[in-house]
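Colleague: Sequences are here, hints too, so could you generate the full structure?
At position 140 of the sequence shown the residue is numbered 872 (this note's numbering), and the sequence of numbers has no breaks.
Don't read these hints as lab results, they were simulated from the structure.
Check each hint, because a few of them may be wrong.
Listed next, the in silico DSSO-like pairs over lysine-lysine satisfying Cα-Cα at most 27 Å (straight line) [as the list claims (entries may be wrong)]:
1) 807 x 854
2) 753 x 807
3) 849 x 792
4) 807 x 792
5) 737 x 854
6) 792 x 753
7) 753 x 849
8) 739 x 779
9) 854 x 753
10) 858 x 792
11) 792 x 854
12) 737 x 792
13) 807 x 858
Treat the numbers as computed from the prediction; the structure is a model and nothing was measured.
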Amino acid sequence: INAGKVKLLSIENSLFYRNTKLRGHINFTYMNILSAENYPTTGQRIKSIPQFTANAVISKSILTLQDISLWVMAKLTYYSAQTMAVSAFRDGVPFSDPEYELRASFLPDISMELRWKMISAKFQCKNIFNSRYYRGTMYNIDVPTQGRNISTTIEIEL
Numbered sequence: 733i734n735a736g737k738v739k740l741l742s743i744e745n746s747l748f749y750r751n752t753k754l755r756g757h758i759n760f761t762y763m764n765i766l767s768a769e770n771y772p773t774t775g776q777r778i779k780s781i782p783q784f785t786a787n788a789v790i791s792k793s794i795l796t797l798q799d800i801s802l803w804v805m806a807k808l809t810y811y812s813a814q815t816m817a818v819s820a821f822r823d824g825v826p827f828s829d830p831e832y833e834l835r836a837s838f839l840p841d842i843s844m845e846l847r848w849k850m851i852s853a854k855f856q857c858k859n860i861f862n863s864r865y866y867r868g869t870m871y872n873i874d875v876p877t878q879g880r881n882i883s884t885t886i887e888i889e890l
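Modeller: Structural data, given as structure tokens:
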């Protein structure tokens, strides 16, 4: 099976900063199609794949004692709009759109981690505004992704 051929210009960047009280990380990816053969594209974009994605993460130590540390973290994720072919049902009626566009999404997350000796407890809240967003697929449907997600984790190092 020949999946096709694509030539693209891609720019990826990742920057890190770290000291004892503050950590930061920023990354992004940009893709621009130069040419495509037997490959699903719209203009300079690959269908179902965001042309631009970015993440920014910052962590701050707010408590440091002998064996105890407490860090808070904020993360922002961005996905540009995606175009895809959709073939599905809408309100029980067949629906088809070869240039269906999924809107861009901006997702903030927060977390906190407490460490004491070899034990750590972490609290996370992903998609804190409970934004409804979708991801494209190669299966002609847009997939709803997870809304707000709250989790806790306890780890013990042995």
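Colleague: None of the hints should be skipped; say for each whether it holds.
Modeller: Results of checking the hints against the structure:
Distance check on the hinted pair: residue 807 and residue 854 sit about 15 Å apart at the alpha-carbon level, within 27 Å; holds. The suggested pairing of residue 753 with residue 807 holds, with an alpha-carbon distance near 17 Å, which does not exceed 27 Å. Of the pairs offered as hints, the one joining residue 849 and residue 792 holds, with about 19 Å between alpha carbons and a cut-off of 27 Å not exceeded. Taking the CA atoms of residue 807 and residue 792, the gap is near 12 Å; set against the 27 Å cutoff, the hint holds.
Using a Cα cut-off of 27 Å, the hinted pair residue 737 and residue 854 is violated, with the two alpha carbons roughly 44 Å apart. The hinted pair formed by residue 792 and residue 753 meets the criterion: a straight-line CA distance of about 6 Å does not exceed 27 Å. Pair hint residue 753 plus residue 849 holds up; C-alpha atoms about 18 Å apart against a cutoff of 27 Å. With a C-alpha separation of about 14 Å, the suggested pairing of residue 739 with residue 779 holds against the 27 Å cut-off.
Note on residue 854 and residue 753: the hinted pairing holds, with a Cα-Cα distance of about 18 Å set against a maximum of 27 Å. Of the pairs offered as hints, the one joining residue 858 and residue 792 holds, with about 18 Å between alpha carbons and a cut-off of 27 Å not exceeded. Annotation: proposed proximity of residue 792 to residue 854 holds, straight-line Cα distance about 14 Å (limit 27 Å). Between residue 737 and residue 792, the direct Cα distance comes to roughly 44 Å. Violation of the 27 Å bound is thereby established for this hinted pair.
Distance hint between residue 807 and residue 858 is fulfilled; the C-alpha atoms sit about 9 Å from each other, no more than 27 Å.
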